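Produce the entire structure from the sequences given, and follow the hints as far as they go.
From first to last, the protein sequence lines are chains A and B. In terms of the UniProt record's numbering, the first sequence is residues 1 to 286. In terms of the UniProt record's numbering, the second sequence is residues 1 to 286.
For the record, the hints were derived by calculation from the structure and aren't laboratory data. A hint or two may mislead.
Repeated chains share a single entry, so a pair holds when one copy, or any two copies, can fit it.
Claimed, not checked - Derived PhoX-like pairs (lysine-lysine); straight-line CA-CA distance at most 20 angstroms:
#1 Lys231 to Lys269
#2 Lys4 to Lys269
#3 Lys231 to Lys278
#4 Lys113 to Lys82
#5 Lys43 to Lys278
#6 Lys62 to Lys4
#7 Lys82 to Lys62
#8 Lys4 to Lys278
#9 Lys113 to Lys62
#10 Lys113 to Lys231
#11 Lys43 to Lys4
#12 Lys82 to Lys43
All of these numbers come straight from a predicted model, not from anything done at the bench.
There are 2 protein chains.
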Amino acid sequence: MLFKRLCIIGVGLIGGSLARALRDANACEEVVGCGRQLDNLNKAVELGVIDRYSTDMVEAVKDADMVVLAVPLGTMASAMQKIAPVLPDDAIITDVGSAKGSVLQDAQHYLGKHQSRFVAGHPIAGSEQHGVIASVSSLFQQRRVILTPTPDTDTQALESVRQMWETTGAEVVDMNVQHHDEVLAATSHLPHMLAYALVDMLAHMETRREIFRFAAGGFRDFTRIASSDPKMWHDICLSNREELVNMLEAFGQQLHNLTQAIRESDSEKINTLFYNAKTARDEFTD
Amino acid sequence: MLFKRLCIIGVGLIGGSLARALRDANACEEVVGCGRQLDNLNKAVELGVIDRYSTDMVEAVKDADMVVLAVPLGTMASAMQKIAPVLPDDAIITDVGSAKGSVLQDAQHYLGKHQSRFVAGHPIAGSEQHGVIASVSSLFQQRRVILTPTPDTDTQALESVRQMWETTGAEVVDMNVQHHDEVLAATSHLPHMLAYALVDMLAHMETRREIFRFAAGGFRDFTRIASSDPKMWHDICLSNREELVNMLEAFGQQLHNLTQAIRESDSEKINTLFYNAKTARDEFTD
Numbered sequence: 001m002l003f004k005r006l007c008i009i010g011v012g013l014i015g016g017s018l019a020r021a022l023r024d025a026n027a028c029e030e031v032v033g034c035g036r037q038l039d040n041l042n043k044a045v046e047l048g049v050i051d052r053y054s055t056d057m058v059e060a061v062k063d064a065d066m067v068v069l070a071v072p073l074g075t076m077a078s079a080m081q082k083i084a085p086v087l088p089d090d091a092i093i094t095d096v097g098s099a100k101g102s103v104l105q106d107a108q109h110y111l112g113k114h115q116s117r118f119v120a121g122h123p124i125a126g127s128e129q130h131g132v133i134a135s136v137s138s139l140f141q142q143r144r145v146i147l148t149p150t151p152d153t154d155t156q157a158l159e160s161v162r163q164m165w166e167t168t169g170a171e172v173v174d175m176n177v178q179h180h181d182e183v184l185a186a187t188s189h190l191p192h193m194l195a196y197a198l199v200d201m202l203a204h205m206e207t208r209r210e211i212f213r214f215a216a217g218g219f220r221d222f223t224r225i226a227s228s229d230p231k232m233w234h235d236i237c238l239s240n241r242e243e244l245v246n247m248l249e250a251f252g253q254q255l256h257n258l259t260q261a262i263r264e265s266d267s268e269k270i271n272t273l274f275y276n277a278k279t280a281r282d283e284f285t286d
Numbered sequence: 001m002l003f004k005r006l007c008i009i010g011v012g013l014i015g016g017s018l019a020r021a022l023r024d025a026n027a028c029e030e031v032v033g034c035g036r037q038l039d040n041l042n043k044a045v046e047l048g049v050i051d052r053y054s055t056d057m058v059e060a061v062k063d064a065d066m067v068v069l070a071v072p073l074g075t076m077a078s079a080m081q082k083i084a085p086v087l088p089d090d091a092i093i094t095d096v097g098s099a100k101g102s103v104l105q106d107a108q109h110y111l112g113k114h115q116s117r118f119v120a121g122h123p124i125a126g127s128e129q130h131g132v133i134a135s136v137s138s139l140f141q142q143r144r145v146i147l148t149p150t151p152d153t154d155t156q157a158l159e160s161v162r163q164m165w166e167t168t169g170a171e172v173v174d175m176n177v178q179h180h181d182e183v184l185a186a187t188s189h190l191p192h193m194l195a196y197a198l199v200d201m202l203a204h205m206e207t208r209r210e211i212f213r214f215a216a217g218g219f220r221d222f223t224r225i226a227s228s229d230p231k232m233w234h235d236i237c238l239s240n241r242e243e244l245v246n247m248l249e250a251f252g253q254q255l256h257n258l259t260q261a262i263r264e265s266d267s268e269k270i271n272t273l274f275y276n277a278k279t280a281r282d283e284f285t286d
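Structure, rendered in structure tokens:
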């Protein structure tokens with residue numbers, strides 16, 4: 001038994017899937033959920049994802065030995081502020097946010113004496129769906145979870161969080177926080193911006209109806225991430241603003257160069273870029 | 001029986017799938033293939049996609065009543081130049097290129113008296129795979145095929161090409177050529193540029209290895225089209241250059257505005273764009 005009482009604040013796709021995986025592995029005695037939407041919380045109980053819930057964080061974290069903050073990044077600070085005064089002295093706290101610098105800053109400001117037992121984490125898993133209804137216990141299997149411990153992080157807390165994620169079938173990797181935010185800006189945050197920006201642009205075009213009518217499979221795959229939760233992505237943009245703006249500017253320059261090459265029918269430049277991209281992309285297996 | 005002798009020039013994913021679908025429907029007596037890669041042509045015979053082949057276009061189009069040009073856009077002009085002097089007088093000619101303005105110009109320059117029996121066409125189907133090995137008879141089922149007839153197009157030729165595609169299970173739509181090139185620049189050509197440009201940029205970053213290691217499912221879907229045939233896409237860029245450059249410039253401006261909104265933490269602008277994109281994207285079913 002890893003935990004006696006696991007508290008999941010935010011029982012959505014990630015929080016719900018984590019609870020399911022840990023229950024399946026018989027890793028905790030009791031799972032307490034916390035959230036704002038009663039229908040989602042009732043559904044979570046009905047599905048057996050959590051044992052019970054409270055809409056009050058103060059109530060929910062009572063006697064918890066592990067607290068998982070699975071809330072949007074913009075809500076992280078206020079959640080920490082609320083729970084800090086009432087957290088048990090030995091409780092371990094972790095989160096699942098897609099940006100880690102901002103979360104560690106929040107922890108520094110608001111978690112007080114619990115700071116060293118806070119382990120910032122980010123499971124590289126998910127989909128454009130959300131809510132406990134979309135949760136599955138296999139979500140993290142063979143996926144990577146990045147932890148970004150600091151020199152102040154309690155070793156035992158770090159090991160507990162690592163063990164928790166390994167129990168879900170994930171591979172856990174430690175990473176420097178700045179490095180995490182750079183890599184994620186490149187592989188996740190920038191692509192989401194491109195997909196949102198493209199679909200928004202096309203939706204504003206006069207030929208909107210035909211555009212969507214004649215879109216093929218490639219377009220569907222390419223724009224799938226534009227169906228992701230706008231509120232969540234708004235928060236990610238602001239939480240990882242600096243790295244994301246750097247990445248957007250670099251991409252703007254790259255696109256400008258490609259546009260120029262096409263304008264000038266510069267076959268060599270076009271071919272080099274396309275071949276290089278294809279070679280890199282083919283290294284993935286689908 | 002639609003055709004006595006169907007000649008497919010370019011027995012790849014599209015040409016091969018068309019041949020398969022027409023054979024399955026018993027729509028032609030004989031299918032003659034033409035191409036440059038002997039291994040691909042032999043494979044096509046072995047798979048029963050074509051009856052026989054020639055590597056010489058002049059030989060291949062002999063006595064054909066339907067000729068399908070399924071060659072890269074950059075090769076279209078030279079293919080027309082080669083076959084024009086030897087095409088049977090009543091042969092119908094069509095193509096499957098992703099840009100239509102350039103192909104109609106090629107036809108005007110090189111097809112001479114056969115020009116009115118040339119029907120420009122574009123099946124909105126395919127994948128990032130290529131070669132006859134990837135061909136399947138169901139590729140066009142419930143997909144759209146756009147034809148861009150001109151005032152000079154022979155009515156019977158148009159009807160024959162329409163019937164051919166309907167036989168494969170596709171829905172055939174007529175469209176103005178300029179309109180086709182605009183809509184396709186938006187829904188297909190621009191997204192491919194974004195995917196190629198992104199993967200090329202990331203592949204040049206110092207953290208390249210980690211970037212691809214920590215990429216999640218969303219990134220895979222988003223960049224799948226960057227595995228498309230670089231040569232084919234080089235040709236599409238140049239064939240639809242004007243529309244594509246317009247679209248790239250509009251997107252550059254859109255991206256600039258989003259970057260500015262993120263830089264300024266302009267929540268309202270960010271939220272509006274994301275919600276609008278999600279709403280438009282959700283209209284698709286996956």
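Here is how each hint holds up against the structure:
no.	hint	result
1	Lys231 to Lys269	between (39 angstroms within a copy, 12 angstroms between copies)
2	Lys4 to Lys269	neither (60 angstroms within a copy, 44 angstroms between copies)
3	Lys231 to Lys278	between (33 angstroms within a copy, 11 angstroms between copies)
4	Lys113 to Lys82	within (14 angstroms within a copy, 81 angstroms between copies)
5	Lys43 to Lys278	neither (44 angstroms within a copy, 25 angstroms between copies)
6	Lys62 to Lys4	within (12 angstroms within a copy, 80 angstroms between copies)
7	Lys82 to Lys62	within (12 angstroms within a copy, 82 angstroms between copies)
8	Lys4 to Lys278	neither (49 angstroms within a copy, 40 angstroms between copies)
9	Lys113 to Lys62	within (17 angstroms within a copy, 86 angstroms between copies)
10	Lys113 to Lys231	neither (31 angstroms within a copy, 60 angstroms between copies)
11	Lys43 to Lys4	neither (23 angstroms within a copy, 62 angstroms between copies)
12	Lys82 to Lys43	neither (25 angstroms within a copy, 68 angstroms between copies)
Violation of the numbered hints given earlier is confined to hints 2, 5, 8, 10, 11, 12; the remaining hints are satisfied by the structure.
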